[in-house]
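Protein chains in written order, with my numbering: chain V, 363 to 578; chain F, 762 to 975.
Please note: incorrect hints may appear among the correct ones.
[Claimed, not checked] Computed beta-carbon distance windows for the label pairs:
#, chain 1, residue 1, chain 2, residue 2, range
1, V, ASP364, F, GLU769, 51 to 59 Å
2, F, ASP960, V, LEU401, 19 to 27 Å
3, V, ARG577, F, ALA958, 49 to 57 Å
The set of hints was computed from the structure by calculation and includes no laboratory data. A virtual CB, placed ideally from N, CA and C, is assigned to each residue, including glycine.
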Amino acid sequence: MDAQSIIARRVARELRAGNLVNLGIGIPTLVANFVPSELKVFFQSENGLIGTGPMPEQGMAHPHLTDAGGRPISALPGACVFDSAMSFGLIRGGHVDITVLGGLQVDAEGHLANWMIPGKMVPGMGGAMDLVTGAKRVIVAMQHAAKGKSKIVQKCALPLTSSRPVDLVVTDMAVIGFSGGTITLLETAPGVTVAEVMAVTEAELFIPANVPEMRI
Amino acid sequence: MKAVSVEEAVARIPNGATVMVGGFMGVGTPERLLDELVRQRKSELSIISNDAAVPGKGVGKLFDAALVSTLTASHIGLNPNVQKQMMANKVAVNLVPQGTLVERIRAGGCGLGGILTPTGVGTLVEEGKRQIDIDGKNFLLETALRSDFALIHAFLADYLGNLAYALTARNFNPVMAMAADTVIVTAENIVPVCVIAPDHVVTPAPLVDYLITG
């Protein structure tokens with residue numbers, strides 16, 4: 363299984379019936395593909411929709427129905443629309459149960475950096491700062507390392523997205539949590555050993571006596 | 762509300778105006794008004810918009826024609842022209858978290874001086890801003906935003922100027938329609954009064970100054 367599918371499948375297992383969920387662009391978007399159809403979850407698109415459905419069939423796209431990246435989507439029965447003030451009222455006001463976001467770096471304190479690389483890439487924060495600040499639970503879905511460099515660092519060198527720490531990080535190698543303020547290895551990906559995770563993790567992980575394998 | 766042609770409406774916008782443009786990645790953007798801004802070569806514009814869209818679409822067209830001197834937006838990552846113009850110091854870009862941006866505009870339209878938000882505390886966004894402690898929690902004071910003009914795109918407009926929107930093309934439009942001195946609207950369909958049920962009117966007619974009918 364490829365890295366992205368491992369991450370998306372594992373994150374999908376965090377969703378509960380009735381949750382209002384916001385998926386970011388990139389790997390997080392894939393999570394929707396792995397939610398069992400009997401599990402009723404509300405997906406929000408921050409451009410103003412609850413009830414986001416899959417990409418429409420060819421010829422069925424509507425120019426007024428897109429995701430936050432401007433790509434055509436569908437709306438499920440029971441969907442509703444609203445303006446951007448309402449959309450971010452939902453986000454900042456703590457009404458979103460889970461947000462899943464991509465990341466550039468997460469550090470030992472759970473701080474996320476995901477909106478700019480000074481001097482190189484300044485896309486802007488979009489809705490990410492509000493999502494991390496306001497959602498009840500923040501899950502980061504990203505590759506463990508990029509170009510051989512750990513993305514789980516002792517302290518973020520890149521500008522932070524929020525001072526609020528994230529709750530869970532799911533990578534292609536591990537699941538990492540921060541309960542009690544300690545960065546902790548919770549699970550390893552299938553076929554990956556604890557030693558292998560430690561070798562590619564810059565942050566100093568707490569390793570419990572028992573680290574189960576991810577179920578995906 | 763006055764019914765006008767697109768040429769007439771855009772002729773009222775001077776060079777250097779501050780202009781809010783509705784839309785989200787070019788969805789729900791009044792494209793005809795942007796095309797006319799380009800045709801009349803209105804320059805040195807200060808644009809307030811959620812994003813910079815992509816080249817050739819939405820507010821992206823204004824950057825293709827190099828008509829913008831300042832952009833206030835939450836995201837510019839999908840428009841390489843804006844990135845280039847920013848790096849070359851041709852466009853000043855103020856990046857604002859999306860929820861803060863829309864709420865500052867909402868405040869501007871509702872007679873508030875600003876808002877208090879937890880978003881941005883402890884990040885680069887807090888620089889130069891006042892922080893206020895409310896019951897032990899820190900908030901940033903973000904000031905209200907208003908503009909000279911708001912360019913709005915609706916799905917339905919009636920003869921009075923009542924507006925309704927379609928699906929995700931609503932986004933910033935109804936919020937911006939509150940926050941500008943002059944509001945100019947394009948609509949996909951212009952319909953008789955009462956076709957939009959009172960319960961379904963999102964933007965009330967008295968907010969609309971000009972409706973493009975030709």
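- Item | Cβ separation of ARG577/V and ALA958/F, checked against the hinted range 49 to 57 Å | holds, 50 Å
- Task: Look at the Cβ atoms of ASP364/V and GLU769/F and judge whether their distance stays inside 51 to 59 Å.
- Result: holds, 56 Å
- Query: At the C-beta level, are ASP960/F and LEU401/V separated by a distance inside 19 to 27 Å?
  - Reply: violated, 33 Å
Checked against the numbered hints above, the structure violates only hint 2.
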